[in-house]
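Enquirer: Line by line, the protein sequences give chains A and B. Per the numbering used here, the first sequence starts with residue 1, numbered consecutively. Per the numbering used here, the second sequence starts with residue 1, numbered consecutively.
Errors might be hidden in some of the hints.
[What the hints assert, rightly or not] Pulled a few chain A residues facing chain B out of the computed Cβ check, cut under 8 Å:
#, residue
1, Arg-13
2, Asn-18
3, Val-25
4, Glu-26
5, Tyr-29
6, Glu-43
7, Gln-47
8, Leu-50
9, Phe-54
10, Asp-120
11, Phe-127
12, Leu-130
13, Val-138
14, Val-143
15, Ala-183
Honestly, the hints are just simulated from the structure, not real lab data. Cβ atoms here follow ideal geometry from the backbone N, Cα and C, with glycine treated the same way.
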Amino acid sequence: MEDSSAEAELSTRSQAFNKYVLPEVEVLYRVARSLTNQPADAEDLVQETLLRAFRFIDRFDGEHPRAWLLTILRNAEHSRHRRQRPQLFHDPEEALDRINAEPDRAGHGPEELLVDVVFDAVVERAFAALPEKYRRIVALIDVEGLSYACAAAVLDVPVGTVMSRLHRARNRIRRLLAAEGIAPRRGGCR
Amino acid sequence: MIERAGPTSFQHCWQVRRALQSYLDGALPRAAAEQVAEHLASCDACAREARTYQAIKDSLARRRSPSHAAVQRLREFGAALIDESDCR
Chain A
1 MEDSSAEAEL STRSQAFNKY VLPEVEVLYR VARSLTNQPA DAEDLVQETL LRAFRFIDRF
61 DGEHPRAWLL TILRNAEHSR HRRQRPQLFH DPEEALDRIN AEPDRAGHGP EELLVDVVFD
121 AVVERAFAAL PEKYRRIVAL IDVEGLSYAC AAAVLDVPVG TVMSRLHRAR NRIRRLLAAE
181 GIAPRRGGCR
Chain B
1 MIERAGPTSF QHCWQVRRAL QSYLDGALPR AAAEQVAEHL ASCDACAREA RTYQAIKDSL
61 ARRRSPSHAA VQRLREFGAA LIDESDCR
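Okay, chain B solo, but in the shape it has when bound (with noise of 0.2 Å):
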């Protein structure tokens, strides 16, 4: 029998997995991203979950690809603008 946890606790699977994607964006408290932590290494079926989303942020991370060519000429104009304000 699972003792009834805390409102900030996570060592129950349901509360871990609602907190889960906010815990692989970074975005949880310390203490609560380590208590997720503690779990995830000793629950199999939790650690796969979070393993799943993060391949998921991962893959749609490799989505990124700016342009460097425009990205470069962006960074141009913008020091042409403190240029020419400098010349006026």
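Just chain A, same shape as in the assembly (with noise of 0.2 Å):
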């Protein structure tokens, strides 16, 4: 009876992990990316993630699970950051030999072929002359996508800093283009 009693909360476990982070593995991946310096960084802190949410995930209550996660992560990169040096897993054992075997780490993927390059180019060097604490938000939201709220999660700051920060970092960005002639200086308001 106790067997089968286990058997059924690993059931319920694993599916709730199948159904709520098994999706998100791709955005915690992105997420990972913008706050670490190396994509085998970033690797690490999302089988770290994973392994936390594994382990946490009969206490989650099923709402909110990319903030449930965004958390778990977070907590994560201040423990990596804490021991200065990442951790390689040894559980499950596949994750080693992947790791070992190195497969493309590199970023792949033809860029879009329609784009305006020197507007890219000038955004490009716009973006990487950010102060660190608006270029994070921009990564967060403009480049991986994220909502407000789950950057203000990531990076445990209000929404609204998350707003007045990235809207200031997209008009340094927006001054500069139009300082280069790229952009439109700002027209007259009525």
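Both chains come to you apart, so use the hints to assemble them.
Expert: Quick look at the structure:
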């Protein structure tokens, strides 16, 4: 009897993990990429997040899985900083094999062909020149496509702070575009 | 002479421009978004401003290049966690 209830619990955990966590893997990886310097660190961070999520999935109430997972990821990132070095996990075993095999880690996939190269180059330069606190927000929202609320959860700041930093950051990018004659200067208002 | 607008109105350019980025991010309430859209349809200067910010957003979005191999490995890692627990 005990065995069947333990089995049922396990199955529920697996189902919940499958339902709430696995669909978010790509978002977690995108966010991890924006928080770490190396793709390998991002992968380690997501692995740690998945392990923690699996361990604690039975405490999750099913509401807002992305926000829950991003909080776990943020905490894992804090722990990773405290350890000062990334940690590889040995369970499950396949993970090590895959990591050791080092298949194509570099970003790939052809960029859109119809791109205004000059515009993108200036945006790129302006983005790189942003102060760190602005760049992180832009990376999370405009590059990785997170909502204000999710970015706030990742960075542990209020949504209002996310909005004001994001808007200032885009204003800076816009100003550089205008200075280079690529974007129109602000037109007159009525 | 333009009549002074109420706090939730978006008939003046300065009001629209303050809300423009939230509008483009889809973060404005529906009624406010409709007012902004209406303004943009009739104001060339604000519409140009909106196109510029949208182009910036699009340009930044093009930087997205997740490693599909890494995402796949992580999905497999997650699936393996389930498999391992099921085997115990």
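Enquirer: With a cut-off of 8 Å on the beta carbons, see whether Phe-127 of chain A makes it to chain B.
Expert: For Phe-127 of chain A, the interface hint holds, since the closest Cβ of chain B sits about 7 Å away, which is under 8 Å.
Enquirer: Next item in the hint list is Tyr-29 of chain A. Is there a CB on chain B closer than 8 Å to its CB?
Expert: holds (5 Å)
Enquirer: Do the numbers back the hint for Leu-130 of chain A, that is, is its least Cβ distance to chain B under 8 Å?
Expert: With a closest approach of 11 Å, the Leu-130 of chain A hint is violated.
Enquirer: Verify the interface restraint on Phe-54 of chain A: the C-beta must sit less than 8 Å from at least one C-beta of chain B.
Expert: With Cβ-Cβ at 5 Å, under 8 Å, it holds.
Enquirer: Would you check whether Gln-47 of chain A satisfies its interface hint, that is, whether its CB is within less than 8 Å of any CB in chain B?
Expert: The hint holds - Gln-47 of chain A has a Cβ within 8 Å of chain B, the shortest such distance being about 6 Å.
Enquirer: Does the interface hint hold: is Asn-18 of chain A within less than 8 Å of chain B, judged Cβ to Cβ?
Expert: Hint on Asn-18 of chain A: holds, closest Cβ of chain B at ~6 Å, below 8 Å.
Enquirer: Classify the hint on Asp-120 of chain A as holds or violated, based on whether any CB of chain B lies nearer than 8 Å to its CB.
Expert: holds (5 Å)
Enquirer: Quick check on Glu-43 of chain A please, does its C-beta sit within 8 Å of some C-beta on chain B?
Expert: Interface hint status for Glu-43 of chain A: holds (5 Å vs cutoff 8 Å).
Enquirer: Mind checking the CB of Val-143 of chain A against every CB in chain B and telling me if the closest is under 8 Å?
Expert: holds (5 Å)
Enquirer: With 8 Å as the cut and Cβ atoms as the points, is Arg-13 of chain A at the interface with chain B?
Expert: Holds: closest Cβ of chain B sits about 7 Å from Arg-13 of chain A, inside 8 Å.
Enquirer: Hey, does the Leu-50 of chain A contact hint survive, CB to chain B under 8 Å?
Expert: This interface hint holds because 5 Å falls under the 8 Å limit.
Enquirer: Is the hint on Ala-183 of chain A kept, meaning its closest Cβ partner in chain B is under 8 Å away?
Expert: Result: holds, 5 Å to nearest chain B Cβ.
Figure legend: structure checked against the earlier numbered hints; the only hint not met is number 12.
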